[in-house]
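Participant: Each chain, letter by letter, is given below.
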Amino acid sequence: MIKNLTFLKPNKESLNLYISLGAVFFVLGIADISFNVFGFLPIWISYFVPLAFCFLGLHLIRIEFSGNKTLDVLNKNINSDWFNAILTIFAIFLLIKFIPPILDWLFFEATFVGSKKEDCTSDGACWVFINVWFERLMYGLYPIKEIWRINAAFIGLILTVGLAFFASAKTKKYVLMFLIFVYPFIMISLISGGNFGLEWVETNAWGGLALTFIISIFALTFCFPVGLFLALGRRSSYPVIRYASIGFIEFWRGVPLITVLFMASVMFPMFLPEDTYMDKLVRVIIAITLFESAYMAEVVRGGLQALPRGQYDAGKSLGMGYWRMHLLIIMPQALKLVIPGIANTFLALVKDTPLILVVGLLELIGMIDMAKTNPKWLGFAAEGYVFAGFVFWIVCYAMSRYSISLERKYKTDR
Amino acid sequence: MSQTIIQMKEVNKWFGDFQVLKDINLNVEEKQKIVVCGPSGSGKSTLIRCINRLEEHQKGQIIVDGHELSEKTKDIEKIRAEVGMVFQQFNLFPHLSILDNCTLAPIWVKKTPKKKAEELAMQQLKKVQIADQAMKFPGQLSGGQQQRAALARALCMEPKIMLFDEPTSALDPEMIKEVLDAMVNLAKAGMTMIVVTHEMGFAKEVADEVVFMDEGMIVERAKTKEFFANPKNERTKLFLSQIL
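Residue numbers (numbering that gives the first Met the number 0), protein chains in the order written: chain A, 0 to 413; chain B, 0 to 243.
Wrong hints could be hidden among the right ones.
[Claimed, not checked] When the alpha-carbon atoms are kept at most 30 Å apart in a straight line, the in silico DSS-like pairs for lysine-lysine are as follows:
1. A:K144 / A:K335
2. B:K187 / B:K8
3. A:K315 / A:K172
4. B:K135 / A:K315
5. B:K58 / A:K171
6. B:K58 / A:K315
7. A:K172 / B:K21
8. A:K11 / A:K68
[Unchecked claim] Only part of the chain A face toward chain B is listed, based on derived beta-carbon distances under 8 Å:
9. G196
10. E297
11. A313
12. S316
13. L317
14. M319
15. G320
16. H325
17. M330
18. P331
19. K371
20. K375
[Unchecked claim] What follows is a set of in silico ranges between Cβ atoms, one per label pair, in the way DEER data are often shown:
21. B:L237 / A:K408: 54 to 62 Å
22. A:S404 / B:N26: 54 to 62 Å
23. A:S404 / B:T72: 44 to 52 Å
24. B:G138 / A:K169: 24 to 32 Å
25. B:H197 / A:Y396: 36 to 44 Å
26. A:F250 / B:G138: 34 to 42 Å
27. B:G138 / A:A347: 26 to 34 Å
28. A:L158 / B:I62: 19 to 27 Å
29. A:K408 / B:A228: 30 to 38 Å
30. B:K77 / A:E406: 50 to 58 Å
31. A:A243 / B:T72: 20 to 28 Å
32. A:K408 / B:F14: 37 to 45 Å
33. A:E406 / B:K71: 27 to 35 Å
34. B:A228 / A:E406: 54 to 62 Å
Honestly, the hints are just simulated from the structure, not real lab data.
Bear in mind the structure is a predicted one, so any value in this text is a computation, not a measurement.
The C-beta atom is built at its ideal place from N, Cα and C for all residues, glycine as well.
Turn these sequences into a full structure, and let the hints steer you where they fit.
Facilitator: Rendered as C-alpha cells:
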C-alpha cells in the first residue's frame, strides 16, 4: 500500500493514509516546539525540525477536492499552497509561544486573594492590587461612606435608559425628554450634594471610572446637538453663519485636546471677572464638548453631502421649510448614513477622557497612576494598565456593538 | 374664460454666464394641460422648476395663484404646498414607507390629523393602484411603482397645480405606460398640469397646448392638434421630424 503513495503529489486514492501521515508529522512538529525531542541534533538542524515536520504534514494533507468537507475548508483557507502553509505554521508557532505565558500571567500564576503587597509571591499578576484599590479606581477620592450616591445616580440612569427602551412609543417620548433635560441635573445634584441634607463633595474628589462616565455622558449628550448645528451652519447660505461655523470647526480641530484642557483649566479663569467662579470639571466638560463637536460636525456634514439634491427638492416642493425639511427628511437619512462615523467620534471621546489627567482630575487611568506610585504598592503598573485597558475595551466594545445594531435597525434601503 | 393661475413675464435666468431662460412669457389657465417639449438643454426643466422656485429667476415676473415669486416672498412654502411636483428621479424618501412618504407633508405642513392623512393617502395610492404596497419602503418597489407613489405623494397635498419634470425618462419602456395612465386619469379629473416630457403620444392625448422650447426660448406655442399637424417654426418641424 505504501508503494501507491506518491509523496510529491498527494491524491485522494489513499486519502485516509495521507491524512493520518500528515497529521502525525504535523503533531510531531508542534510537539517538538515544546519538548525539543530532536535537541540532540546540531542546533542549526534541530532549530528547523518543527518547521520542516509541520510543512511536510501540511503538504501531505493538501489534497484538492478530497470530498471531506472539513479538510477542504481547511485547505482552502490556511493551506492552499506552500506559502500559505508556512504562514499558517508561523502563526501557530507564535500562538504556542505567546498565549500560554500570557494566560499564566493573567490567571494561572496570578494572585487573587490577599490584602497587601506581600501576599503576591508568585510570578503572575498581582490582582490583589486591583482588589485593594478597587473602590478608589471606581470612585476616585469620593468619601467612602457617600459612595452610594454615585451608585444611585448611575443605577437610576441605567433604569431610565432601560425604561426608554421598553416603553411604548408614547411614553418613550417623555422618558427621553426626562432623560435628556431633567436627569443630568438630578445626577449632578445627587453626586455633588450640598442640598437635601446631602454632604457637599467638591469635584476635585470625584474620580475613577465614575468620572470617566460622567464626563463621557455629558460630553456625548452636548456635543451631538452642537455638532449638528455646526454641520448645518457650515452648509448655510448665509455667509456670516457659514464662516462662523467654518472658523469654529477649523479652530477646534486644529488644536490638540491636551492644549484645550490646559487652557480651560489654567488660562480661562484668568479671563473671567474677579468674582465669578466656574468649577474646573464644568470647564473641562465644556472644553471636551466643543472639541468633539467640531469632529461631530464634520462627520454629520459627510452624511449631508452624501444625500442627493433630489431629496431637498422633494422636501421643498411639498411645502416644507428649512427646519422641517432637515428634521424630517435630511437629518434622519444623513445620520443613518454616518452611524459608523458617529460611533467613531464617541469612542474617541470616551478614550480621550484620561487626558484630563493634565489638569489634575483623576479618572480611571489617573487613579491607577496614583495607586501605582503609592509607596506601599510600587511596581504594579502592568496590572493597573491591563485592568484599565480591559475596562475601556468593555465599554467601547459595547458602544461599538450598539452602533452596529442601530445600523441594522435603520437599514431600509435594500 | 377661466382664470389665469400661472403668469410668467419676461423671465430670464442665468447659470453663471450661461443664459438658460430668455424672455419667457407663459400664461397658464386653470385646468389647462400644457406639455413642454424640446431638445435636452433647452431649459424646459429649469422653466418648471422656476414655477415653484426650486430655481430662482433673476429677471422678470412669475405670479403663481396670485402670489409673485421673488426674494421677498415670505411664504414661499405656502405656494409650494399648492404646487405639486413629480421628478424624473422620483425622489421618494428612502427612510420612510410609501404610506409615510404620502402622509409626511400633510401631517407636518398642513397639520392634518394623522388618521385623516392616512385615509387620504390610501385613497390616492388606490387611484394610482399601489395601495397594496403602502407598507413597503421605496427601495422595494419597481421604478414605475415608485413614480406612481411619488405622484400620490404630491397629490396628498391636494395641490392646485401639478408640475411634471420628465416623469417617465428614468423608466423602463414597460413601466412608462402605467405612469402615463395615472397621469391621464389625473388630467381627466381636471388638474392644472404642466408636463415636461418626450412622450408625444401623451401630449396628443391630453394636452390642450404644446410649448416647444429651444436654447432657453419658447419657439412655438400652439394648440395640440395645430402643433402636430401644422408646425410653423422650422426648428419645431425639424424636432418633430426627428422624434415622431
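Participant: Please go over all the hints and tell whether each is borne out by the structure.
Facilitator: Tested hints:
Our distance criterion of 30 Å between C-alpha atoms is broken by A:K144 and A:K335, whose separation comes to about 45 Å. For the proposed pair B:K187 and B:K8, the alpha carbon gap of about 29 Å is at most 30 Å, so the pair holds. A distance of roughly 27 Å separates the Cα atoms of A:K315 and A:K172; the hinted pair therefore holds under the 30 Å criterion. For the given pair, B:K135 sits about 24 Å from A:K315 by alpha-carbon distance, which is consistent with the 30 Å threshold.
As the CA atoms of B:K58 and A:K171 are separated by approximately 51 Å, the hinted pair breaks the 30 Å bound. For the given pair, B:K58 sits about 22 Å from A:K315 by alpha-carbon distance, which is consistent with the 30 Å threshold. Taking the CA atoms of A:K172 and B:K21, the gap is about 53 Å. The hint is violated against a cut of 30 Å. Taking the CA atoms of A:K11 and A:K68, the gap is about 13 Å. The hint holds against a cut of 30 Å.
Annotation: interface hint on A:G196 violated; nearest CB of chain B at approximately 47 Å, more than 8 Å. Checking A:E297 against chain B by beta carbon gives a least distance of about 22 Å; that is not within 8 Å, so the hint is violated. Hint status for A:A313: holds, given a least beta-carbon distance of 4 Å to chain B, under 8 Å. Interface restraint check: A:S316 against chain B, minimum CB-CB distance 4 Å, threshold 8 Å, status holds.
A cut of 8 Å between beta carbons decides the hint on A:L317: the least distance to chain B is about 4 Å, and the hint holds. For the restraint placing A:M319 at the interface with chain B, the shortest Cβ-Cβ distance is roughly 6 Å, inside the 8 Å limit, so the hint holds. Annotation: interface hint on A:G320 holds; nearest CB of chain B at approximately 5 Å, less than 8 Å. With a cut of 8 Å, the hint placing A:H325 at the interface with chain B is violated, because the nearest CB-to-CB distance is about 12 Å.
The beta carbon of A:M330 is not positioned within 8 Å of any beta carbon in chain B (closest approach about 10 Å), and the interface hint is therefore violated. Against a cut-off of 8 Å between C-beta atoms, the interface hint on A:P331 holds, since the closest Cβ of chain B lies about 5 Å away. Taking 8 Å as the C-beta cut-off, the interface hint given for A:K371 is violated, the closest approach to chain B being about 50 Å. Look at A:K375: its Cβ only gets to about 59 Å from chain B, farther than 8 Å, so that hint breaks.
Distance hint for B:L237 and A:K408: a CB-CB separation of about 56 Å, consistent with the stated range 54 to 62 Å. As the Cβ distance of A:S404 to B:N26 is approximately 57 Å, the hint placing it in 54 to 62 Å holds. At about 45 Å, the CB distance of A:S404 to B:T72 agrees with the hint of 44 to 52 Å. Taking 24 to 32 Å as the suggested C-beta distance range, the pair B:G138 and A:K169 conforms, at roughly 29 Å.
Distance hint check: the CB atoms of B:H197 and A:Y396 are about 56 Å apart, inconsistent with the given range 36 to 44 Å. Taken as a hint, the range 34 to 42 Å holds for the pair A:F250 and B:G138, whose Cβ atoms sit roughly 40 Å apart. At about 32 Å, the beta-carbon gap between B:G138 and A:A347 stays in the expected band of 26 to 34 Å. Our hint of 19 to 27 Å for A:L158 and B:I62 is violated, since their Cβ atoms are close to 60 Å apart.
Taken as a hint, the range 30 to 38 Å is violated for the pair A:K408 and B:A228, whose Cβ atoms sit roughly 59 Å apart. Between B:K77 and A:E406 the beta carbons are some 38 Å apart, a value that contradicts the proposed interval 50 to 58 Å. A beta carbon spacing of about 27 Å between A:A243 and B:T72 agrees with the range 20 to 28 Å that was offered as a hint. For A:K408 and B:F14, the hinted distance range of 37 to 45 Å is satisfied, since their beta carbons lie about 41 Å from each other.
At about 44 Å, the CB distance of A:E406 to B:K71 disagrees with the hint of 27 to 35 Å. Roughly 59 Å separates the CB atoms of B:A228 and A:E406, a value that falls within the hinted 54 to 62 Å.
Hint compliance for this structure: hints 1, 5, 7, 9, 10, 16, 17, 19, 20, 25, 28, 29, 30 and 33 are broken, all remaining hints hold.
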